[in-house]
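Enquirer: Protein sequence lines, in the order shown, are assigned to chains A and B. All the letters of the first sequence, read from the start, carry residue numbers 1 to 399 under our numbering. All the letters of the second sequence, read from the start, carry residue numbers 1 to 244 under our numbering.
Be a bit skeptical, because a hint or two may be false.
Straight-line alpha carbon distances no greater than 20 Å define the calculated SDA-like cross-link-like pairs of lysine to any residue that follow [to be verified]:
| no. | chain 1 | residue 1 | chain 2 | residue 2 |
| --- | --- | --- | --- | --- |
| 1 | A | Lys-62 | A | Glu-43 |
| 2 | A | Lys-148 | B | Gly-195 |
| 3 | A | Lys-74 | A | Arg-44 |
| 4 | A | Lys-148 | B | Arg-51 |
| 5 | A | Lys-148 | B | Phe-93 |
| 6 | A | Lys-338 | B | Ala-197 |
| 7 | A | Lys-338 | B | Gly-195 |
| 8 | A | Lys-338 | B | Phe-93 |
Everything labelled a hint here was simulated from the structure, so no lab data went into it.
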Amino acid sequence: MADLLINTLGLPGWLGWTITAVVAAVLILNVIAGGALVFIWAERKIAGRIQDRLGPTRTGGKFGWLQSLADGIKLLAKEDLMPEGADGMLFRIAPYVSFCASFCAFICLPFAFDVVGQRLNVGVFFVVAVLGLEVFGVILAGYASASKWSLFGAMREAAQVVSYEVPLGMCVVVPVMLAGSMDLVTIAEKQSGWFTNWYLFHDPFTFVVFWIYVTCAVASVNRAPFDLAEAESELVAGFHTEYSGLRWSFFFMAEYGSMFLVSALAAVLFMGGWNGPIPLATLLGLSEGTGDTAHYLVRLVGLANLMGKATVGVLVMMWIRWTLPRLRIDQVMTTCLKYCTPLAAVMFLGAMLWQIALPGGVIPVLRTPAATVREGWLPGPGGSPPASAKASDVAKVGS
Amino acid sequence: MMTGLAMLVDAMVAAPLPVAAINWHSFFFLVFAALACGFAVAVVAADNIVRMALYLVFSLGATAGLFFLAGAEFVGAMQLMIYVGGTLVLLVFGVMLTAQGPFVSLKGSGRDRVVAGVVGAVLLAVLLQAAFSVDAWRAPAQGVVADPSATPIGMALVGLRVDEPAAGSPSPNVRPGYLLPFEIVSVHLLVVLVGAAYLARAKRRKTPRAIEVAASSEPPASRAEHAAIGRDRSRGASVLTGGR
Numbered sequence: 001m002a003d004l005l006i007n008t009l010g011l012p013g014w015l016g017w018t019i020t021a022v023v024a025a026v027l028i029l030n031v032i033a034g035g036a037l038v039f040i041w042a043e044r045k046i047a048g049r050i051q052d053r054l055g056p057t058r059t060g061g062k063f064g065w066l067q068s069l070a071d072g073i074k075l076l077a078k079e080d081l082m083p084e085g086a087d088g089m090l091f092r093i094a095p096y097v098s099f100c101a102s103f104c105a106f107i108c109l110p111f112a113f114d115v116v117g118q119r120l121n122v123g124v125f126f127v128v129a130v131l132g133l134e135v136f137g138v139i140l141a142g143y144a145s146a147s148k149w150s151l152f153g154a155m156r157e158a159a160q161v162v163s164y165e166v167p168l169g170m171c172v173v174v175p176v177m178l179a180g181s182m183d184l185v186t187i188a189e190k191q192s193g194w195f196t197n198w199y200l201f202h203d204p205f206t207f208v209v210f211w212i213y214v215t216c217a218v219a220s221v222n223r224a225p226f227d228l229a230e231a232e233s234e235l236v237a238g239f240h241t242e243y244s245g246l247r248w249s250f251f252f253m254a255e256y257g258s259m260f261l262v263s264a265l266a267a268v269l270f271m272g273g274w275n276g277p278i279p280l281a282t283l284l285g286l287s288e289g290t291g292d293t294a295h296y297l298v299r300l301v302g303l304a305n306l307m308g309k310a311t312v313g314v315l316v317m318m319w320i321r322w323t324l325p326r327l328r329i330d331q332v333m334t335t336c337l338k339y340c341t342p343l344a345a346v347m348f349l350g351a352m353l354w355q356i357a358l359p360g361g362v363i364p365v366l367r368t369p370a371a372t373v374r375e376g377w378l379p380g381p382g383g384s385p386p387a388s389a390k391a392s393d394v395a396k397v398g399s
Numbered sequence: 001m002m003t004g005l006a007m008l009v010d011a012m013v014a015a016p017l018p019v020a021a022i023n024w025h026s027f028f029f030l031v032f033a034a035l036a037c038g039f040a041v042a043v044v045a046a047d048n049i050v051r052m053a054l055y056l057v058f059s060l061g062a063t064a065g066l067f068f069l070a071g072a073e074f075v076g077a078m079q080l081m082i083y084v085g086g087t088l089v090l091l092v093f094g095v096m097l098t099a100q101g102p103f104v105s106l107k108g109s110g111r112d113r114v115v116a117g118v119v120g121a122v123l124l125a126v127l128l129q130a131a132f133s134v135d136a137w138r139a140p141a142q143g144v145v146a147d148p149s150a151t152p153i154g155m156a157l158v159g160l161r162v163d164e165p166a167a168g169s170p171s172p173n174v175r176p177g178y179l180l181p182f183e184i185v186s187v188h189l190l191v192v193l194v195g196a197a198y199l200a201r202a203k204r205r206k207t208p209r210a211i212e213v214a215a216s217s218e219p220p221a222s223r224a225e226h227a228a229i230g231r232d233r234s235r236g237a238s239v240l241t242g243g244r
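Excised from the complex, chain B in its bound form:
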């Protein structure tokens, strides 16, 4: 079998296949970039909000693929967790708000499309110009980047810069890092969390709601009506406790 394999290899060397000449890194970059762009266009072109969300997920997932391809595994996983996971919540709200209503199909008017197209084209032009004006980005990729690790990021967030020790410092590990911004962001998020919990908490009314008054004063006419009241109330509770 080994000789057979060797012959196969020899045959390949003798008649080099065109595939061998492809730069596979560029190839996969183009694949993922095309997927991201294509699905991004599909998000705009689709008129059903759930399909839009699905295309958005695919587009963001392809972007995560680009990050993985670039060796930025932490950013890629973050992209998956935050953006793709965030779109999940978007999808849920999309379904809840539009599944039955008149918004199942969202079609913009022709004027909207023209305005959006002009704005998008201008933004694209600015970004392309900016991207091509950086000389370093136009040079072909070279060299092998050291295998990145999430450890320096984590250490820097708690205040230790292990990746870039200060020059001439007696103890290289005591650079400030990003502890302060990290803490500010944490406190900010905590405030947002508490605020959200405050806004979403079940309010205890002193006076009973109209529906409760109706329910207590006169018995429901039919069993169906009774069931309707109960369902209404329980659904309200589940919405309050159902969010993140």
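Extracted from the complex, chain A is given alone in its bound form:
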């Protein structure tokens, strides 16, 4: 888009880049904030239905559509309290640290082919690294609140997140190995075609790895049954006991943002990203070269695909939350260290051996040959994409 602004419209370079950056940032912010609004409403409804009640019914019509909005207004109007013994600076900054970490990870998450804030060569790695930083805000909040409940919650969270990063990283490595790239766009692009091309169905090992990833992802974003950090029956509300008003809602936006992020990451890594289960675009003869309208249509469908998959992931997390009881801290640690980590290691090894022994899959017919990376993004002989890649892309958009 920056190239479009600068080369086609003739804007000066700095202005083009600034506009592009602002547009991308605002779009991502909207995904997080708007997503949080919708998901909080959905969480209330789902929790209600699972517990055999109705959930919100009055605000904004029959289904309580406006419940989250009403909550938001209430939170804005709430008094912003700070405990007497709190470390003021840390207490104020903690929610923003959490939120910024969640936001940063979205920067290199592709929503469709080319619809990505900043395409990074090490996208997966970046997302996992930044996702681990979210816990910083939680620990700071727990420490700065000068409350023992908060501190307990923060310590639990730290132990949990640091432990679960290990199996999570191992699970993420498997699709990286299969795709031969850490670039999220390339990984998703390699799974295009029928749904049998998805890494989820690549071999039995990746199928298991996916479920380990789901477990670790739920744990790393602190959702039940791993929500030890805010166990309300033992720790009141854990790390955010002392927070109220807008600061508290920032923690929630960060939490829902991370939920969406790990779900979208699962979709990209294991479920074909923006590629639907049936390659509709290819069957209908639409492709990059068909023309502008088709070009954007394909991307729009891809965007809807990825959003749909990520939303399903978030809904599954809610379903899990309201179904399973909370684990004890030692059970959480056992799950991670004694089950998830060794299992992930063995599955990683298995997937590697499978890739060596049966690179074509058991039944080659099932593997449609559509999984080719689009031209222009292929790494050149030196491992770097050719310089013409971006120029040709602009030409395509402009034509």
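Put chain B on the given structure of chain A with help from the hints.
Expert: Chain B only, in chain A's frame:
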């Protein structure tokens, strides 16, 4: 709208804004460098260990920003994962060890500050002298570096140098790369891991501990005391299993 935009652009060309003349790469470099240095000073100046850790995180994060700015995405992500993530563990231990104790506020004496300042100044002088003595670093940045990729690094670590094929070699992909150092480091880390697990494992004592003897021989006087024993024991277990 297009004409309006064009007029806007024309107006800008007619009266060039000073912003257009800024070298944005240098600008962002200076921003990140200033952030890194400023927070580094704040680490030293702060007297609360958690605040120090927070400033350290910001400083290291700004350094990661410098790496991203230089196009070294892999190193930048590494910086985020290892240093910033490592500071996280530091923070946890800082909180665990100092949250209640007399170390909440760490203030060095005046003599310490003077010694530290002299040592720091000497180190800075040496580093600055070394940095400015490299001629290549003083020349203005030029040209566009090819988009770096993590693939050559990974291939080199498993023994294939795809980035620098050997001159005159019949098959350019069979240079040794960094396989041996990589394996040595891996084995070293494995040894450290096993050693840590050995040191941290729950020790099975033949003889019961004093507190267990007390608990088994005579019933606790009060319910509160009983609860205290249980809590003590469970906390010990969670510390053992809680680490990385």
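Enquirer: Can you confirm whether the C-alpha distance between Lys-338 (chain A) and Phe-93 (chain B) stays at or below 20 Å?
Expert: Given that 20 Å is the threshold and the Cα spacing comes to 24 Å, the pair is violated.
Enquirer: Is Lys-148 (chain A) within 20 Å of Arg-51 (chain B), Cα to Cα?
Expert: holds (19 Å)
Enquirer: For a C-alpha distance cap of 20 Å, please report whether Lys-148 (chain A) and Gly-195 (chain B) respect it.
Expert: violated (33 Å)
Enquirer: Within 20 Å, alpha carbon to alpha carbon, are Lys-62 (chain A) and Glu-43 (chain A)?
Expert: holds (17 Å)
Enquirer: Lys-338 (chain A) and Ala-197 (chain B) were given as a pair; does the straight-line alpha-carbon distance stay at or below 20 Å?
Expert: Holds: Lys-338 (chain A) and Ala-197 (chain B) sit about 13 Å apart, inside 20 Å.
Enquirer: Has the given pair, Lys-338 (chain A) with Gly-195 (chain B), been kept, meaning a C-alpha gap of at most 20 Å?
Expert: Judged against 20 Å, a Cα distance of about 18 Å means the pair holds.
Enquirer: Given the hinted pair Lys-74 (chain A) and Arg-44 (chain A), is their Cα-Cα distance within 20 Å?
Expert: Holds: Lys-74 (chain A) and Arg-44 (chain A) sit about 17 Å apart, inside 20 Å.
Enquirer: Given the hinted pair Lys-148 (chain A) and Phe-93 (chain B), is their alpha-carbon gap at most 20 Å?
Expert: Distance ~16 Å between Lys-148 (chain A) and Phe-93 (chain B) Cα, so the pair holds.
Against the hints set out earlier in the document, violations occur for numbers 2, 8.
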